[in-house]
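With the hints as constraints, model all of the structure from the sequences given.
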Amino acid sequence: MTSKRWRLFAVVLVVFAMVAAACSSDDAADDTTTTTAGEAPAEVLKVAFVYIGPVSDKGWSWSHDQGAKALKAALGDAVEITTLENIPEGADSERVFNDLAEEGNKLIFGTSFGYMDPMLAAAESHPDTVFMHATGYKQSDNMGNYFGAAEEGRYLSGMAAGAATVTNKIGYVAAFPIPEVLRGINAFTLGVREVNPDAEVQVVWTSTWFDPPKEKTAAESLLDAGADVIAMHQDSAAPGQAAEAAGAKWVGYNTDMTEFAPTAWLTAAIWDWGPFYIKTAQQVIDGTWVTEAYYGNMADGMVALAPFGESVDGATRTLIGEREAEIIDGTFSVLPDPIVDQDGAERPLGNIFEMDYFVEGVVGSPTG
Amino acid sequence: MTTDAPTDAETDLAVELRNVDKAFYGVKANDNVNFRLARGEVHALLGENGAGKSTLCSILAGLYRPDAGEMFLNGAPTVFKSPKDALASGVGMIYQHFRLVPNLTVAENFALGHPSTGIRLDQKKLQEEAAELGDRYGLPIDPSARIWQLSVGEQQRVEILKLLYRNVDVLILDEPTAVLTPQESKQLFKTMRQMADEGRSVIFVSHKLREVKEVSDSVTVLRHGRNVGGVATADAEAEDLARMMVGRDLVLPARTDTTQPGSVVLAVTDLRVEGDRGLEVVSGVSFEVRAGEIVGIAGVSGNGQRELALGLNGLRTPTAGRVFITNFDVTKASVLAHIYAGMSYVPQNRLGVGLAPGLTTEENLALKAFRQPPYSRGRRLVPSAFRSEGARQIEQYDVRGVRPGLPIRLLSGGNLQKALIAREIEMGPKVLILHSPTRGLDVGATQTVRQLALAERARGVGVLLISEDLDELLALSDRLLVMYEGEIVGQMNTEDATAERLGLLMAGKRQGEQT
Amino acid sequence: MTRHVVVEPRGLASVKLRILVPVLSVLAALVVGGLFLAITGENPLDVYRKMADVAFGSANGVSNTLISATPLILTGVAAALAFKMLVWNIGGEGQLIMGAVFASGIAIWLGPAAPSWIAIPAVIVAGGVGGAVWASVAAIPRVYLKTNEIITTLMLNFIALSFMNFLVFGSSSPWRDSAVSTFPTGQPIPTNARLPTFFQRLDISIFIAFGLAIAAWWLVGKTRWGFAVQVVGDSPETAKYAGISVPNKILVVFLLSGAAAGFAGALYVAGPIGALEPRSLDLGLGFTGIIVAALAGLHLLAVIPIAILMGALNNSGPALQSIGVPTSTITMLQGAILIFAVGGEFFIRHRIRLPRKESTPQEIPDGVEVA
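Going down the list, the sequences are from chains S, U and X.
FYI, the working numbering numbers position 202 of the first sequence as 208, with every residue one higher than the one before it.
FYI, the working numbering numbers position 277 of the second sequence as 1088, with every residue one higher than the one before it.
FYI, the working numbering numbers position 335 of the third sequence as 1163, with every residue one higher than the one before it.
Since the hints were derived computationally from the structure, they do not count as laboratory data.
Errors might be hidden in some of the hints.
To be verified - Quick list of in silico lysine-lysine cross-link-like pairs, BS3-like style, CA-CA up to 27 Å:
(1) Lys1241(U) - Lys1143(U)
(2) Lys64(S) - Lys220(S)
(3) Lys75(S) - Lys52(S)
(4) Lys52(S) - Lys878(X)
(5) Lys112(S) - Lys75(S)
(6) Lys1143(U) - Lys974(X)
(7) Lys878(X) - Lys75(S)
(8) Lys1143(U) - Lys1068(X)
(9) Lys112(S) - Lys144(S)
(10) Lys220(S) - Lys112(S)
(11) Lys1241(U) - Lys1068(X)
(12) Lys175(S) - Lys220(S)
(13) Lys52(S) - Lys285(S)
(14) Lys285(S) - Lys144(S)
(15) Lys878(X) - Lys78(S)
(16) Lys878(X) - Lys112(S)
Just so we're clear, the structure is a prediction, and the values are computed from it rather than from any experiment.
As structure tokens, then:
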């Protein structure tokens, strides 16, 4: 055993620990000064956002970051904002939520489903901090959740897709066969068939939220099968790039992704979290926040429709505009009750949060 | 014995080293070495393996820089920054491992690194020059041949001509004859003489006394990194040089008595073993080795000796025949069963088969015995036993250069072999197979190895000596077998054997066919 | 006479050097990293203070560092053990996943009624078995058919990952939480099978990881079997010659390597995660283990501090983000620290000198002495 290299690293570690010890004592002093400094003027609410992906994804995480920016713009010095990106779910995220709470953040948003249990654990040990979890369902005294009716936007984007298809085959790249995604596919398909009753929506499952190469491959397989419009429930723009390359059309999701595929772009259901974040922060500042499961929609602005691409004609734009107005004023429901399922049978709509079937016009299996 | 350097006038010295020190890993490879090389001489650098010859040459060639001491080139103090620098000053070296580019032609290798080589190569001119140079020095070479197509001897010629093409004044040849046939060596010596006659200086590194006597004008002898002698070759007898080299009177041990061999310890009947390609290369070999005798197997390498040894050790299961170690039939037994039955084996390939190169000397000494006390107790190793047993064996078998914690591969060839034989002897064998035990070793180590073999014989071990070295076979063996194309083609008592008779058998002339 | 730099290998480095060099290489990493931070507009002192504080500055920090280090210790041991034997098992990732699948499977199968003293050992053993079973898929063909284990273990990583995704995302297997329909998640492991925490969020898996690393070190370094393994690792031909069964040793080491990675998976699901959660297990822990093993020079004990260092670096990332350092900067800084840690090794193994010309030549008589 000639290598005694481990000694070296033991030493590295000791040095690291010594540096740490030396620095941390300073840090403690610093901390006290900053907190006292922070308390002196009017209350500043420290707000933290935790994202699963990189903000630069221009998708899900980016949309939340836009909301964080809107919050800062609206409340200014009354809030101090920390954003953390690329935080994996599981053990890492629980640590991060605890750390954020201990650093004095009083309102923490977690924007991935898998943060639910870690947030719940952190909420339990930090009862003075408000935790808000997007897309989940578990609650506690200081943890609420929020999400929005993307299906409303999806119905409208389906209308654009239905008008655009020539082959009457629309491909849909979808992440996981769960109620949220099934809702979106169904609303989209109903929108498609309102303007084009002959069109079909072919679904391909990727089993991933964010994996650009895999999403691209899935889109290409749909294009090869004759689809000339690609829709998606994914976080990257890769399906759109595949559509652009094939000369097809594309319905995006999450944000305005026109720049990734300007020719292919039709429109998309997009998120605007800003108003909700501002409202929630204000409630925490005012002391009026209570646990709730908030479900936003187009009426309150959490869900919106992205700007149309150039190829969407005037008539379609007008038609979609009329439907949008009806959705907002509550006179049109995108998911009717009863509803016609994949086999052509009429059935009660049921609880949309436990939806497990496809509507007529969808090709594929709702169980993956 | 004191001698003056062969040349007196300081100005005639091509190169001089004064008080040069060089250490590696804290071990002095060169210790206060002085070396004087006259113009127009062939100067032999003589010493055992590890005496510091290669280090001294590498200093001269600019590869190493001395820790202390001075170098003078044509009387002027000089420091070489690199081999390139040395070459520019007219000092070039041919290493034991050639530094040619295998995929380039001879001529292209000439051009490589030559200062006059521009971006474009004038292939034709280069080839003409190369061919002409070869003819002039009696080293004919095809300049358009690619290096990989050439034999080792031819590659060496290319190296020499390459230096001559660079017009060096001092050529250093590190053990050049090690890779040559006797005929090629003769031609090389002629070339060396010719270069000396032209006023160049040649340093000839060797540990073969006969060659040194044959070709050199003067000799510097190194031992343990120090220079112990500088003489004109004509003034010294081979025995004197040998004594200087090893530091004692040198007599290669030989068997002197004829003891009565004891019972049969190794019995082989009709043994058949396949070669690496699945062809039978040992074809029905039968012989016996008795306690207290050395049986030699002579033969040109590649006639099944290696496979015979593998078959006898269980490293390759024989396809037919029987092998008994004392009373135990080990024909199909595992290697471990052979070891426990009393078989020790010193393979031809020391590092890589006989020894684990990356483990320490102590660990290698325990490579077979680690399963038993004192090395292990139950399933646990006893590190203190590794240390104490290791220290004892290193001392007892005179294994030099061992440094604690460092891998055994750093030892010289002789010391590797001593460690290997030590371990095999310490296993207390009934049968000891030695395959080319002194190949590549210097005289000192050869002496030790021969002594150990004879001592084992005296202890009653049956020794099987597989070798190509006829002198060694004749000096040590009680009986001799000759192997040719996988068969035993002759056997005789050593008293009846001559080198000539063995040579004929080794060349495939059967005993019956001799007249 | 121009000076030049000479680089040459060194024998045994002095103790002084062994302490000095790592200290200097860490300092150098901090200086270079600091310059880099300064260029990108950060205050290096703030950044370092934060990193150190997060990793070791508080009880919570130490606890979190050790939580992150735990799986890396075991995947590091897995890689070091195999690589020592020249077995290129890069399937730690897949073996970890299969360990997690087996461990969570047995926990769910035993159910909430089983007492902890049965459930916890069962979970850990199942993890080791799962890793070893998965390793055997590559190990057996490697030993008996001489297949290339680099390719097989790599492919098995993908298969294991797909299998886990299938169990949770693509089927209604017992591993999937049937109570949750909104989103596919892993079935929580019954609390009786969860590893008890003893300090902050730190559970006993850290001790198990330490114990297994030490056991592996003892096995290889202190036993007869381990000595044979070392011989095989150094020279299989020599091992065969010395009567050591080479295929047997390779097979066993390969399986132990897989078991170590499997233990990592078991401890991770029974510890901090609490369920077979694909998104929490697909973090490249098996691959990071290879880096840990390489940095540790394949020394089975050195794996422990290296894994802790890696855990600390990992955890410093989010903390630095919270003081506004971009993630890309953090990644580069972490890389710089690792590179310098490795670079320091070069100075331990090599000597760099600026040779001087000897100034006092003296006349030496040309005499010779002969013994």
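To see whether the hints hold, each was checked on the structure:
For the proposed pair Lys1241(U) and Lys1143(U), the alpha carbon gap of about 19 Å is at most 27 Å, so the pair holds. In summary, the hint linking Lys64(S) to Lys220(S) is supported, as the alpha carbons are separated by about 18 Å, within the 27 Å threshold. Simply put, Lys75(S) and Lys52(S) have alpha-carbon atoms about 14 Å apart, close enough for the 27 Å limit, and the pair holds. The hinted pair formed by Lys52(S) and Lys878(X) meets the criterion: a straight-line CA distance of about 19 Å does not exceed 27 Å.
Distance restraint check for Lys112(S) and Lys75(S): the Cα-Cα separation of roughly 18 Å lies within the 27 Å cut-off, and the hinted pair is therefore satisfied. Taken as a hint, the Lys1143(U) and Lys974(X) pair is honoured in the structure, with Cα atoms around 24 Å apart against an allowance of 27 Å. The hinted pair formed by Lys878(X) and Lys75(S) meets the criterion: a straight-line CA distance of about 25 Å does not exceed 27 Å. For the proposed pair Lys1143(U) and Lys1068(X), the alpha carbon gap of about 15 Å is at most 27 Å, so the pair holds.
Using a Cα cut-off of 27 Å, the hinted pair Lys112(S) and Lys144(S) holds, with the two alpha carbons roughly 19 Å apart. Restraint check for Lys220(S) and Lys112(S): the C-alpha separation of about 38 Å exceeds 27 Å, so the hint is violated. The straight-line distance between the Cα atoms of Lys1241(U) and Lys1068(X) is roughly 21 Å, inside the 27 Å bound, and the hint therefore holds. With a C-alpha separation of about 21 Å, the suggested pairing of Lys175(S) with Lys220(S) holds against the 27 Å cut-off.
Taken as a hint, the Lys52(S) and Lys285(S) pair is honoured in the structure, with Cα atoms around 15 Å apart against an allowance of 27 Å. The suggested pairing of Lys285(S) with Lys144(S) holds, with an alpha-carbon distance near 21 Å, which does not exceed 27 Å. Taken as a hint, the Lys878(X) and Lys78(S) pair is honoured in the structure, with Cα atoms around 25 Å apart against an allowance of 27 Å. In summary, the hint linking Lys878(X) to Lys112(S) is supported, as the alpha carbons are separated by about 21 Å, within the 27 Å threshold.
Violation of the numbered hints given earlier is confined to hint 10; every other hint is satisfied by the structure.
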